[in-house]
Amino acid sequence: MQLLITRPRFEDTTHYIFHWSQPLLDEARRWGRKIFDLDKSKASRKKVESYLQSQKPELVILNGHGHNRAIGGHDNEEIINMSNARILKNATVYARACSAGKVLGQEIVNQGAKAFIGYKEDFLFFKNEIDFKDPLKDDYAQPFFESSNQVATSLLKGKTPKEAHIDSMKSHLKWIEKLSTTAAGDRAFLIPFIKWNACFQVCITEKV
Amino acid sequence: MSDNEINNDIINLVVARLGAIPPNVVMSIGDIEDSKTLTPADMIIEVKNKSNIGKKIIETQLMFLRSLKDLQIDPELYAITDN
Numbered sequence: 001m002q003l004l005i006t007r008p009r010f011e012d013t014t015h016y017i018f019h020w021s022q023p024l025l026d027e028a029r030r031w032g033r034k035i036f037d038l039d040k041s042k043a044s045r046k047k048v049e050s051y052l053q054s055q056k057p058e059l060v061i062l063n064g065h066g067h068n069r070a071i072g073g074h075d076n077e078e079i080i081n082m083s084n085a086r087i088l089k090n091a092t093v094y095a096r097a098c099s100a101g102k103v104l105g106q107e108i109v110n111q112g113a114k115a116f117i118g119y120k121e122d123f124l125f126f127k128n129e130i131d132f133k134d135p136l137k138d139d140y141a142q143p144f145f146e147s148s149n150q151v152a153t154s155l156l157k158g159k160t161p162k163e164a165h166i167d168s169m170k171s172h173l174k175w176i177e178k179l180s181t182t183a184a185g186d187r188a189f190l191i192p193f194i195k196w197n198a199c200f201q202v203c204i205t206e207k208v
Numbered sequence: 209m210s211d212n213e214i215n216n217d218i219i220n221l222v223v224a225r226l227g228a229i230p231p232n233v234v235m236s237i238g239d240i241e242d243s244k245t246l247t248p249a250d251m252i253i254e255v256k257n258k259s260n261i262g263k264k265i266i267e268t269q270l271m272f273l274r275s276l277k278d279l280q281i282d283p284e285l286y287a288i289t290d291n
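Residue numbers (our numbering), protein chains in the order written: chain A, 1 to 208; chain B, 209 to 291.
Hint data in this document are derived by calculation from the structure and do not stem from the laboratory. Remember, it's a predicted structure, so these values are computed and weren't measured experimentally. Glycine residues also receive a C-beta, built at the ideal position from the N, C-alpha and C atoms. Certain hints may be false.
Said to hold, decoys possible - Now the in silico label distances, taken between C-beta atoms and shown as ranges:
hint, chain 1, residue 1, chain 2, residue 2, range
1, A, ASP37, B, GLY227, 35 to 43 Å
2, A, ARG30, B, ASP242, 35 to 43 Å
3, B, ASN260, A, LYS40, 27 to 35 Å
Claimed, not checked - As a list, the in silico BS3-like pairs of lysine-lysine whose alpha-carbon atoms are at most 27 Å apart:
hint, chain 1, residue 1, chain 2, residue 2
4, A, LYS102, B, LYS258
5, B, LYS263, A, LYS102
6, A, LYS162, A, LYS89
7, B, LYS264, A, LYS178
8, B, LYS277, B, LYS258
9, A, LYS178, B, LYS256
10, A, LYS137, A, LYS174
11, A, LYS102, B, LYS264
12, A, LYS34, A, LYS114
13, A, LYS114, A, LYS178
14, A, LYS178, A, LYS137
15, A, LYS46, A, LYS137
16, A, LYS195, B, LYS263
17, A, LYS56, A, LYS46
18, B, LYS258, A, LYS89
19, B, LYS277, A, LYS170
20, A, LYS133, A, LYS40
21, A, LYS34, B, LYS263
22, A, LYS89, A, LYS159
23, A, LYS133, B, LYS244
24, A, LYS46, A, LYS34
25, A, LYS120, A, LYS174
26, B, LYS264, A, LYS195
27, A, LYS40, B, LYS244
28, A, LYS40, A, LYS120
29, A, LYS120, B, LYS258
30, A, LYS195, B, LYS244
31, A, LYS174, A, LYS159
32, B, LYS244, A, LYS137
33, B, LYS256, A, LYS195
34, A, LYS162, A, LYS114
35, B, LYS256, A, LYS157
36, B, LYS277, A, LYS174
37, A, LYS89, B, LYS263
38, B, LYS264, B, LYS244
39, B, LYS264, A, LYS174
40, A, LYS174, A, LYS89
Work out the full structure: start from the sequences and follow the hints.
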C-alpha cells in the first residue's frame, strides 16, 4: 500500500495538524508502507496532482483547511476541488478538513474513489497556548487528534473504510467516557466539541 | 439555526457553559474562508453576536444537551438481585 499525505503548515491551526500527523507517518513506516509526504509548501496543487497521477497511491490523507467544495494545502491553495476530484480515482481518501464531506466527498466517490471519510461540518479542536511549540504534548488537543488519527491508523493497518470509521467513532466515545469522570480535571468542557466532530464525521463508499 | 430561534435564555446558557473553559485554552474553528482561533472570551463574543461561528458554538452545546435525554441505562448493569 502506498500513502500520500499532505501536511501544510503556515499558521496556528495547520501547525497543530502538521505535528499531529507525525504519528501517522510513524504508523505507516511500522507497516512498511511507501510514503509520499507533501509537507509545508510541498502541499501544492501541482505536486499533489503530479504524485496522484504518477504514483496512484491507494491511501490519500489530506490535512488542511477546507470547505464544502474544496480542500486546501499550503497557504490555502485549493489542492482538491470539484474540478480535479477524478484524480483520486481508486483511492481511499481521508480528509481532515472542514466541511469537505458535505459536497466534495460525494463527488470524489462519484468520480471513482473507493471511499471518502471526512467531515460535513467544521473539524474543530482546542489547544493550550503553552504547548504551541510541542503540540503532541497538548492534553487539550489530544482527544481530537487521537480520535481523528484513528481513521488513518486503521486504514494503514489494512482495515476497510467502514471499519476505520467505526474505530474512530469508538475512539471518540472512549474520550467522551474518559472526560466524563473526575479524572478529566478541567477538560470536561471538551465533551460537546468532541461529540460535534464525531457527529459530523462521514464515511462515503463506492456502490458495489 | 436562525437568529429568531436563539433567544437570550439559550445565549445565557451557552455563555455560562463556556465560562468553564480555562483562559489559557483556545479553539480552532472555521473553514478555509473563515478560519479563526478563539479564546474563551472571543467565543462568548461570537455567541452574543450570533455570528456564523457563534451559532456553531451554540449548536455544539445544544446538540450535547439534547443528547443527554437519550442516555440509556443498561437494565443488566443496574439489575437488582433480591435474595
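Hints, one by one, checked against the model:
1. A:ASP37 - B:GLY227: 35 to 43 Å: holds, 41 Å
2. A:ARG30 - B:ASP242: 35 to 43 Å: holds, 38 Å
3. B:ASN260 - A:LYS40: 27 to 35 Å: holds, 29 Å
4. A:LYS102 - B:LYS258: Roughly 23 Å separates the two Cα atoms, so the pair holds.
5. B:LYS263 - A:LYS102: holds, 18 Å
6. A:LYS162 - A:LYS89: Holds. A:LYS162 to A:LYS89 sits at ~18 Å (cutoff 27 Å).
7. B:LYS264 - A:LYS178: Cα-Cα ~24 Å, so holds.
8. B:LYS277 - B:LYS258: holds, 26 Å
9. A:LYS178 - B:LYS256: violated, 31 Å
10. A:LYS137 - A:LYS174: With Cα atoms ~19 Å apart, A:LYS137 and A:LYS174 stay inside 27 Å; holds.
11. A:LYS102 - B:LYS264: holds, 16 Å
12. A:LYS34 - A:LYS114: holds, 19 Å
13. A:LYS114 - A:LYS178: violated, 34 Å
14. A:LYS178 - A:LYS137: Judged against 27 Å, a Cα distance of about 18 Å means the pair holds.
15. A:LYS46 - A:LYS137: With a Cα-Cα distance of about 33 Å, the restraint between A:LYS46 and A:LYS137 is violated, given a limit of 27 Å.
16. A:LYS195 - B:LYS263: holds, 16 Å
17. A:LYS56 - A:LYS46: With Cα atoms ~15 Å apart, A:LYS56 and A:LYS46 stay inside 27 Å; holds.
18. B:LYS258 - A:LYS89: Roughly 41 Å separates the two Cα atoms, so the pair is violated.
19. B:LYS277 - A:LYS170: holds, 21 Å
20. A:LYS133 - A:LYS40: This hinted pair holds, its Cα atoms lying about 16 Å apart.
21. A:LYS34 - B:LYS263: violated, 42 Å
22. A:LYS89 - A:LYS159: Within the cut-off at roughly 19 Å; holds.
23. A:LYS133 - B:LYS244: holds, 19 Å
24. A:LYS46 - A:LYS34: At roughly 20 Å apart (the allowed maximum being 27 Å), A:LYS34 and A:LYS46 satisfy the hint.
25. A:LYS120 - A:LYS174: Holds: A:LYS120 and A:LYS174 sit about 22 Å apart, inside 27 Å.
26. B:LYS264 - A:LYS195: Distance ~13 Å between B:LYS264 and A:LYS195 Cα, so the pair holds.
27. A:LYS40 - B:LYS244: holds, 20 Å
28. A:LYS40 - A:LYS120: holds, 25 Å
29. A:LYS120 - B:LYS258: Judged against 27 Å, a Cα distance of about 21 Å means the pair holds.
30. A:LYS195 - B:LYS244: Holds, at about 20 Å.
31. A:LYS174 - A:LYS159: holds, 20 Å
32. B:LYS244 - A:LYS137: holds, 22 Å
33. B:LYS256 - A:LYS195: Given that 27 Å is the threshold and the Cα spacing comes to 23 Å, the pair holds.
34. A:LYS162 - A:LYS114: holds, 11 Å
35. B:LYS256 - A:LYS157: violated, 45 Å
36. B:LYS277 - A:LYS174: holds, 20 Å
37. A:LYS89 - B:LYS263: Since the Cα atoms of A:LYS89 and B:LYS263 sit roughly 36 Å apart, the hinted pair is violated (cutoff 27 Å).
38. B:LYS264 - B:LYS244: holds, 13 Å
39. B:LYS264 - A:LYS174: holds, 24 Å
40. A:LYS174 - A:LYS89: Since the Cα atoms of A:LYS174 and A:LYS89 sit roughly 34 Å apart, the hinted pair is violated (cutoff 27 Å).
Checked against the numbered hints above, the structure breaks hints 9, 13, 15, 18, 21, 35, 37, 40 and satisfies the rest.
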